[in-house]
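Residue numbers (my numbering), protein chains in the order written: chain A, 1 to 292; chain B, 1001 to 1239; chain C, 2001 to 2332.
One or more of the hints may lead you astray.
Calculated cross-link-like contacts (lysine-lysine; reagent style DSS-like; alpha-carbon spacing at most 30 Å) [as the list claims (entries may be wrong)]:
#1 B:1156 x B:1070
#2 A:90 x B:1135
#3 B:1017 x A:33
#4 A:33 x B:1070
Chain A is nowhere near these chain C residues, computed Cβ spacing over 12 Å in every case [said to hold, decoys possible]:
#5 2019
#6 2029
#7 2083
#8 2095
#9 2100
#10 2111
#11 2139
#12 2149
#13 2232
#14 2241
#15 2311
#16 2313
What the simulated footprint calls covered on chain C by chain A, stretch by stretch (three residues with Cβ under 8 Å from a Cβ of chain A suffice, anywhere in the stretch; the number is not a length) [claimed, not checked]:
#17 2116-2124
#18 2285-2295
Simulated from the structure, these hints should not be mistaken for lab results. Note that CB positions come from ideal geometry on N, CA and C, so glycine has one too.
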Amino acid sequence: MASILQALFDGIASGAIYGIIALGLSLQFGVMKIINFAHGSFLMIAMYLSYVAANSLGLHLLAAIPVVVAVLYVVGLAAQRWLIEPVYMKESTREPISVLIFTTGLWIFLDNLFLVIAGPDYRTPDSDWATGIFIVGDVILTYPQVAGLIIAVLVTVALVAFMRFTRLGRAIRATGQDREAANVLGIDSASVYRTSFAIGLAVLGVSGPLLLASYPVDPFIGDLFGLRAFIVVVLGGIGSIGGALAGGLLVGLIESLGAQFLPITYSQALIFGVFLAVLYFRPQGLFGMERA
Amino acid sequence: MSLLEFRSIARHFGGLKAIDAVSFNVQEGETVGLIGPNGAGKTTLFAMASGFLPPTDGQIWFAGSRIDGKSAPEICRQGLVRTFQIVRPFGEMSVLDNVMVGCFLHHRDRQAARNAAMAVLERFDMADRADQAAKTLTLAKRKRLEVAKVIATKPKLLMLDEVMAGLTRVEMEEIINLIRSLRDDGVTVLLVEHNMHAVMELSDRVVVIHHGRKICDAEPQVAANDPAVVEAYLGGDED
Amino acid sequence: MTMARSYWLPIGAGIAMMLLPLLLTNPYALSVVVLALLYSYLSLSWNLIGGIGGQLSLGHAAYFGIGAYTSTVLFTELGISPWFGMIAGAGLASVAAVVIGMPCFRLRGAYYALATLAAAMILMVLVENTNDFLGGPRGLDVRLLHDAPLSFQHTDKRFYYYIILAFVVCALLINAWALRSRFGYYLTAIRNDHEAAAALGVDAQRFKLIAAVASAAMTAVGGTFYAQYVLFIAPEKVFGSHLSVQIAVICIVGGRGTLWGPVLGAFLLLPAEDLARTLTGGTPGVTMMLYGLLLMVVMRFEPRGIIVLMERALAEWNRWKGKTARMGKGVA
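Put together the whole structure using the sequences plus the hints.
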């Protein structure tokens, strides 16, 4: 019974992080209707940045969050302006697969670039904080897990508030719903796209230091988390911010509880199995506002 | 003979009743104009009839069989086709190839489809542009192509969605003549149109939709003088 | 939609390819060409669903692996000739293609891409964890029979050369037919605008599935060929993402949706990959970086692939030829 409780908590804690990772993706897709397959690679970059911040700059992992967020925001602006936008504009059919292929290329390139630069070794940060724990009854809660939960809720609330109450947020939502109408109202959609993409990566950046506290970083760490993010987005429903968090929690729980009953090597396959199952039975997800 | 019949058709979006118990029919050989202020629900009716949107309630019958809820390709195969308000050519394909896609419905062989497509293009006065990429056409030509594509499928009933929008006076007259000649060939036409001149010129009958309900179903001159219709246009949305 | 009007180039190339083994006595050189032909074949197979069909499959290794393992297991356990095992593999791969494609083809392209990725990974994990029959992570050896053409084996490499050449010719013919036929037109229309296509009576789901099944079956056949050529298969190699990426990138960079693009891609990229590997002394990740970079460059500057650049160059040359010819003849 104790181990089930632990598994439950672990699932919620990791699910919260998955939610943050998926948030950025959901936002980007909700606004621009493009899917960035390099999302996981940017997470990997965020984690390497966090590693450098912790080990070379001596920052506390939590203090690294604003740094990584800022860097990823700038990276996002640049990536949208110089990489994705030109490809998106060239596409003349109604089914923009070019961006999909392009971001696949970016994903492969970034992952392997870091393999060449940083080597295949796993790296863990110098952080005493990362190993700290609370004990509540029979359940062990690590500092990063608790921090992750709190931050996930904060970020979600902040993002929802931003989208609903600020001018920029409303402009983003308007562009996402009807780009041409938004244009007529004087909203520059290109600039909105750049900002949305940047915000999406910035939110992703929040999860970098948090993940690094629990997982060592290697060039391919982004793959599994990135793929999990896509599954979360499908589960939670595209474009729904609350759905991303809920979907994340669900995936975290399935994984964690599943590991109680299945051997570990199957757990990766389990996630994909869940993904395929969701596609079969409920492609619009739990809170989806539109069909996938 | 009733070719297309809407029987108490309804479409709700959450609490919004986009279409509320609308019934009318289109007889074979007729040209019926479907008019009404903006947002009245006309394109929704088209979407339901052509299989792009399922009705919330009611039935749609075409050529003696029920079609509501069927898929778009199936309905097209039965002879009911529609054009899109915002034209959708296959941009990367040539004008000829665009029409060939329509021709392949009845001609499996490539050469046969090609010949049929050339014939359609001749008919539509676009044969000289056969090899041009569709995405490079002007709006007026795209609208022609849009109609050419669906005519290639040899339909019994053609639903035209605001085909006049965005055209100059001259271009409009050309399209009106085109539609007249299609009608003379025996195609039944249901057209959604804002342009009153076109509607009056072409329609044998008009059906007026306002706030998702049918408020009039009569000859154009009669409808134009119907007080409910006048009120709808003057009182509510207007173009 | 147009095919090369002059047939002499392909026919000349075909004859040259048939005579090649007589000229290439170096067995290493021959094996290089066999590999290039194999990847041409795999790329041409991918082209049906990825190029003409416009669906991004990032897990084609799944079908390759199914082909390799099915024929090998049937041969090892039941003594069935890999020629028949090849057909069984193609059948299984077709089923897999339907299972993956059916839920995904109704949805956006990204879901199909992810599902194909997922499928290949699931299969790899399953095989790696199954030691009975499937050999687990160590892989399976194909029983050595030396010279047994009826069991798809020979010591003379030219046996394999002619077989893969025949496969490539078949794949070219299938692609050529697809491009000219109603099937090809419909898929192109679907690629451009699937709703507008539906309005003309085109059932997108059906045609995408047909393309996916054909592509999967063909790829599985390639898997059997590989198993019989190398006589050893391992999950990482035949189900791995490296192979999936190679196949997709070769077709896209070469020219997806065209007839010769995939072949051009294979003959350009495989030597390039080799060169990159040699230049960097085999540093891991370099070749994949190259593939990723090429993908980005092509999609940014010429999404239709390198073949389009070559066609343009050829057209320029013809025009220049025509101009000088006219000049030579005096006033035209």
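Worksheet item: Failing hints, ascending?
Response: Hints 9, 10 and 14 are the ones this structure does not satisfy, whereas the remaining hints hold.
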